[in-house]
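For reference, the chains in residue letters:
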Amino acid sequence: MTAELVLGALLAAAAVVFVAVPFIRGGETTVTEEPAQETLVAAEERDRALAELKELEFDHRTGKITDEDYRALVQPLRRRAARSLANGATLPEGTPELASEQHFSEGSTSSSRSDR
Amino acid sequence: MPELGRAALIVCLGLAVYAVAAGAFAAWKHRRRLAESAENAILASFGAALVAAGVLLVALVQKDFGFVYVYEHSSLELPRSYSISAFWGGQEGSLLLWLLILTGFSALAVVLGRRSAHSLLAWTVPVLGGVILFFSLLLVAVASPFATQAAQADGLGLNPSLQNPYMLAHPPMLYLGFVGLTIPFAFAMGALLARRSDELWVVVTRRWTLVAWTFLGFGQLLGAHWAYVEVGWGGYFAWDPVENAALMPWLAATAFLHSVMIQEKRGMLKIWNVLLVVGAFALALFGTFLTRSGILSSIHSFTEGSIGPWFLGFIGIVVAGSTALIVSRLPLLRSKTRLESPISREATFLYNNLLLVAFCLTILWGVVYPILTEAVRGEPVTVGPPYYNFFLNAFGLPLLLLMGIGPLIAWRRASLRGLGRTFVWPLGIALTTGLALLALGAGSSLPGLIGYTFCAFVLASIGLEFARGTRARHALSGGSWLQAFSDLVGRNRRRYGGYVVHASIVLLAIGIIGSSAYDTTREQRLRTGESMDVGAYTLTYRGATQERGANAMELRALVDVERAGDHLGTMRPGKNSYFAEQQVSNEAAIRSDRRSGEDLFLIAEQIGRDQVFLKVLVKPLVNLIWIAGFVFLGGALIALWPDAREQRRLALRYGGREALSRA
Amino acid sequence: MARRASPARLVVALGVAAMLAVFLVYTAIAGGTPQLRPSELNGRTGEVALIGKVVGRVSGDARGSGLRFRLRDVEGTAAVPVVYRGSVPDLFRSGRDISLRGELRNGTFVGEPGTLVTKCPSKYTDKKQT
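In order, the protein sequences belong to chains Y, F and E.
With our numbering, you'll find the first sequence wraps up at 213, consecutive numbering, no jumps.
With our numbering, you'll find the second sequence wraps up at 784, consecutive numbering, no jumps.
With our numbering, you'll find the third sequence wraps up at 919, consecutive numbering, no jumps.
Please keep in mind that the hints were generated in silico from the structure rather than gathered at the bench.
Bear in mind the structure is a predicted one, so any value in this text is a computation, not a measurement.
For glycine and all other residues, C-beta sits at the position ideal for the given N, C-alpha and C.
Wrong hints could be hidden among the right ones.
[To be verified] Partner residues are not named here, just some residues of chain Y that face chain F (Cβ under 7 Å, in silico): (1) P119; (2) D156; (3) R158; (4) I162.
Turn these sequences into a full structure, and let the hints guide you.
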């Protein structure tokens with residue numbers, strides 16, 4: 098009986114200690130500064146535009162979209178993508194894949210080709 | 122040991138209160154250390170729940186009948202594995218299981234969130250804490266598993282229908298699903314509370330939703346299989362309120378899984394998605410409320426039990442609070458993109474969502490109808506399977522069709538010309554199949570024939586997607602066809618995993634249609650030596666046997682089965698009489714035909730030495746339902762598989778730079 | 790085409806409204822079966838679902854001339870004689886709470902085959918049997 102109560106008290110104490118750890122540690126804490134909301138939203142918009150282009154290419158290649166439809170749809174999408182890239186949503190360092198990857202390079206009618 | 126269990130639950134409750142209070146304050150005032158402390162409280166609550174669960178588990182395994190719960194749900198004769206499953210065999214234990222999974226998932230969400238979405242955690246923690254608070258409060262104040270009594274010699278035993286392997290897996294799996302839906306809910310509310318307009322919460326909870334949905338789906342299939350082989354009335358789903366309780370959140374989660382894709386691709390339907398995630402969570406709570414509160418037998422039993430009002434109150438707070446929050450954040454949720462065409466992939470997703478939500482509301486209406494009519498008219502009016510089956514056809518068949526149409530249509534706007542080309546093959550295959558089936562006699566059920574035709578359409582459409590994609594990939598990078606195929610799937614795991622899941626749903630549909638639209642049933646009393654013909658089978662009664670099993674007396678009727686002159690075997694339907702529980706359970710005999718997938722299902726009543734009353738069912742294609750479960754798992758696994766490239770991209774998008782600061 | 794109100798929103802709203810209308814109409818017309826206690830029968834005709842406790846001796850053969858028993862209000866004294874043919878769940882016995890569909894004919898409640906269901910005694914002992 099008493100053994101149980103002791104164990105119970107130990108559990109409660111352990112909980113309190115664990116919860117207090119961030120204060121006990123004190124001093125400097127490493128903080129990740131996350132990008133501002135506007136940057137995040139713009140980045141999402143950019144990724145969305147690029148992904149749509151990629152899907153359009155894929156749908157075209159698999160025959161879901163006819164050539165005429167493709168030609169009609171690709172221009173506005175490219176313009177949107179270009180605009181979102183220019184809109185201060187710069188590509189973060191280390192993402193060569195996004196801009197140069199399949200969106201533009203793989204067998205598309207676009208003229209730009211780049212290494213992966 | 123019960124004192125330790127009780128203490129652990131109280132510690133859990135205290136930690137939850139702290140997580141809510143400190144977490145909310147820290148998020149509001151941007152106090153980083155307090156926020157981390159609140160996160161730790163969530164982690165610690167898992168530890169406390171683990172201790173409490175451990176105490177109950179040990180008591181069950183040691184068969185300590187001083188615990189009221191152990192006394193009520195197990196006995197000396199009960200085999201070890203079922204003593205363990207007795208953990209969730211009753212009200213208090215199942216609540217403790219819920220708490221254990223809830224704190225476990227919350228702790229995991231905190232650990233993972235610290236790595237990838239720390240600022241989003243700030244407001245998510247108090248929401249998680251709030252849910253943990255409710256369940257620990259229930260366990261401490263209303264339904265304690267640690268009530269004690271004077272030591273007893275033996276327990277009351279576990280309900281015999283719960284004594285089988287399925288009951289070891291079915292409830293925990295369902296709980297993993299129900300509780301899993303808490304995490305997307307918490308993150309969604311956290312994002313709204315933090316006034317965020319980005320989609321980090323969607324990205325972070327994508328896998329959680331998929332995992333919870335998979336568990337919920339597979340868990341329901343396990344339950345259906347249990348009902349089929351154990352309860353043994355010849356069916357697998359009866360539109361019981363308890364069954365509906367699990368189906369509704371699953372349908373809402375299915376809708377959410379799809380509509381969230383539209384938000385990801387086109388930035389639309391943000392409000393709809395938040396409403397859906399709240400709906401799925403609320404329905405999960407409502408589902409467990411239905412199962413526990415007894416409200417459905419009658420309103421009277423509802424007020425007798427004490428747990429019902431608590432759940433109802435909590436659901437009310439969740440729904441009211443979330444709605445208020447959503448309304449207050451409406452400006453953040455308005456999207457700028459519009460639906461461009463009613464013939465586009467977005468539109469098919471939207472129609473799919475409407476049908477799923479419609480079906481979910483149908484079931485909800487059917488479930489609450491007796492309660493409403495009793496309140497209004499004074500007498501409850503119940504709806505039965507005809508109501509549900511009508512709407513299953515009305516909504517399910519179009520949903521089936523949409524599964525086939527969706528992949529064939531492009532985003533934004535599809536021209537009719539393009540459609541013509543992509544539809545030709547699937548339509549052709551579907552129509553040919555339909556005509557062939559008609560020639561084979563499937564016309565006896567019109568919904569069945571339509572359903573089969575739609576299934577052929579969807580399978581053709583999915584097959585074509587894989588084929589076209591592989592060909593395009595192959596044209597691009599050469600190599601072998603197998604290489605191209607695995608590349609294709611590897612680069613688009615969510616899409617192709619999703620197609621496999623769709624294929625599993627089609628298999629499920631074929632199995633359901635076959636076993637319900639084209640089944641045969643016959644009942645007859647047979648004397649020893651007498652035969653009956655059912656479908657292609659001839660059954661002959663040979664007599665009865667009685668054996669003493671581990672904890673029951675087993676009475677069996679011996680029935681010889683023949684088909685086209687071949688002796689297929691002897692089936693043994695019968696009854697078990699359990700000693701401790703003083704109950705009789707039905708033991709149906711099932712013979713699965715490996716080639717045709719059909720089942721011969723035998724139920725024996727009034728078993729005597731010279732005669733027996735046999736109920737015989739022939740259920741075509743029913744085994745496809747169970748096979749579909751494995752395909753379902755496979756597809757979900759593919760969709761869930763981590764994609765290093767995508768992880769990197771998301772980490773770069775959302776992760777900022779590290780900085781030192783004095784907090 | 791799209792101005793302030795997105796067509797998506799309109800589709801959703803109309804869809805939901807149509808759905809609700811369909812349910813209400815369906816349940817109002819084809820609707821369900823009233824669930825009554827023996828004390829509420831009162832010579833009522835038409836198909837109903839009867840809920841109550843089996844009392845007294847159970848006689849007869851459900852697969853033969855008919856299972857006969859009396860059904861009483863779960864909490865009350867009003868009882869009605871019942872005759873039933875069809876599958877009987879294993880949990881069925883005198884003292885159990887059951888429900889079945891059928892109609893009152895000449896003072897006896899005649900049950901519809903296959904509709905006899907036992908109510909689970911404790912709320913967490915799962916599953917019905919048909």
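Next item on the list: Using 7 Å as the Cβ threshold, decide whether Y/I162 counts as touching chain F.
Entry: This interface hint holds because 5 Å falls under the 7 Å limit.
Note to self: The hint names Y/P119 as touching chain F; please verify it with the least Cβ-Cβ distance against 7 Å.
What the structure shows: The hint holds - Y/P119 has a Cβ within 7 Å of chain F, the shortest such distance being about 4 Å.
Item checked: Interface restraint verdict for Y/D156 against chain F (beta-carbon cut-off 7 Å) -> The hint holds - Y/D156 has a Cβ within 7 Å of chain F, the shortest such distance being about 5 Å.
Checklist line | Y/R158 as chain F interface residue, shortest Cβ-Cβ below 7 Å | finding: Since chain F brings a Cβ to about 4 Å from Y/R158, closer than 7 Å, the hint holds.
The structure agrees with every numbered hint stated previously.
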